[in-house]
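S.K.: Given chain A, work out where chain B should sit, using these hints.
The primary structure of each chain is shown beneath.
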Amino acid sequence: DARVTQTPRDKVTEMGQEVTMRCQPILGHNTVFWYRQTMMQGLELLAYFRNRAPLDDSGMPKDRFSAEMPDATLATLKIQPSEPRDSAVYFCASGLGLAGADTQYFGPGTRLTVL
Amino acid sequence: GENVEQHPSTLSVQEGDSAVIKCTYSDSASNYFPWYKQELGKRPQLIIDIRSNVGEKKDQRIAVTLNKTAKHFSLHITETQPEDSAVYFCAAVYRGSTLGRLYFGRGTQLTVWP
Numbered sequence: 001d002a003r004v005t006q007t008p009r010d011k012v013t014e015m016g017q018e019v020t021m022r023c024q025p026i027l028g029h030n031t032v033f034w035y036r037q038t039m040m041q042g043l044e045l046l047a048y049f050r051n052r053a054p055l056d057d058s059g060m061p062k063d064r065f066s067a068e069m070p071d072a073t074l075a076t077l078k079i080q081p082s083e084p085r086d087s088a089v090y091f092c093a094s095g096l097g098l099a100g101a102d103t104q105y106f107g108p109g110t111r112l113t114v115l
Numbered sequence: 001g002e003n004v005e006q007h008p009s010t011l012s013v014q015e016g017d018s019a020v021i022k023c024t025y026s027d028s029a030s031n032y033f034p035w036y037k038q039e040l041g042k043r044p045q046l047i048i049d050i051r052s053n054v055g056e057k058k059d060q061r062i063a064v065t066l067n068k069t070a071k072h073f074s075l076h077i078t079e080t081q082p083e084d085s086a087v088y089f090c091a092a093v094y095r096g097s098t099l100g101r102l103y104f105g106r107g108t109q110l111t112v113w114p
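Chain order of the listed sequences is A and B.
Residue numbers for the first sequence follow the working numbering, beginning at 1 and rising by one.
Residue numbers for the second sequence follow the working numbering, beginning at 1 and rising by one.
The shape of chain A in the complex, shown without the other chains (with noise of 0.2 Å):
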């Protein structure tokens, strides 16, 4: 049974400190996602791909986030430096890309605490 992974689960770190989130999309799958989960604002993009490519990631705050796919097994999400408000559960999708249907499957998860 192919699953979305991510590492690491569970991240607390300090404000200013450099913070790195790791996603493996599905074998085959082309297209990755990552989402911000927070009470207030419920599942937000932050950006996508697709073979790789950045396709949108106008929903990330440009300053300070950072996505990118070095290769079609390794999705990263980068923030620095972290801030508090960045404290959120971060969610790694992966998807044939399928037009008009494309199943999202989605990772386990980081939590990020930031102090």
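No farther apart than 25 Å at their CA atoms in a straight line, the calculated lysine to any residue pairs in the SDA-like style are these: (1) A/Lys11 - B/Gly41; (2) A/Lys78 - B/Gly41; (3) A/Lys62 - B/Gly1; (4) A/Lys11 - B/Glu39; (5) B/Lys68 - B/Glu56; (6) B/Lys71 - A/Leu98; (7) B/Lys71 - A/Gly97; (8) B/Lys42 - A/Arg111; (9) B/Lys71 - A/Leu45; (10) A/Lys62 - B/Tyr103; (11) B/Lys42 - A/Gln37.
In case anyone wonders, no lab produced these hints; they're calculated from the structure.
Keep in mind the model is a prediction, meaning the values are calculated, not measured.
M.R.: Then chain B, alone, in the frame of chain A:
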């Protein structure tokens, strides 16, 4: 882009009763509508989906209906059980955008009391 509204934000039902969650969308070109269930501390998981060429789809105790004219779709859970307690998210694919992006509703916290 697409705008998905979801109601209610919270829903409490007695075990055995039915639960209905409703969503509306803004773009008539949207053609795929999945529903995700997220248990506390877990990842969102797809439970059922429907395409715009179908009006209703059932899978055991859950069903989804779609009204394209009115641009709304609903999740129906019958004979609810305590393990149905979770947050449910509806979503829609906006075909006018780049392939694959889902627009999510804000979620409904369903609580089933034994």
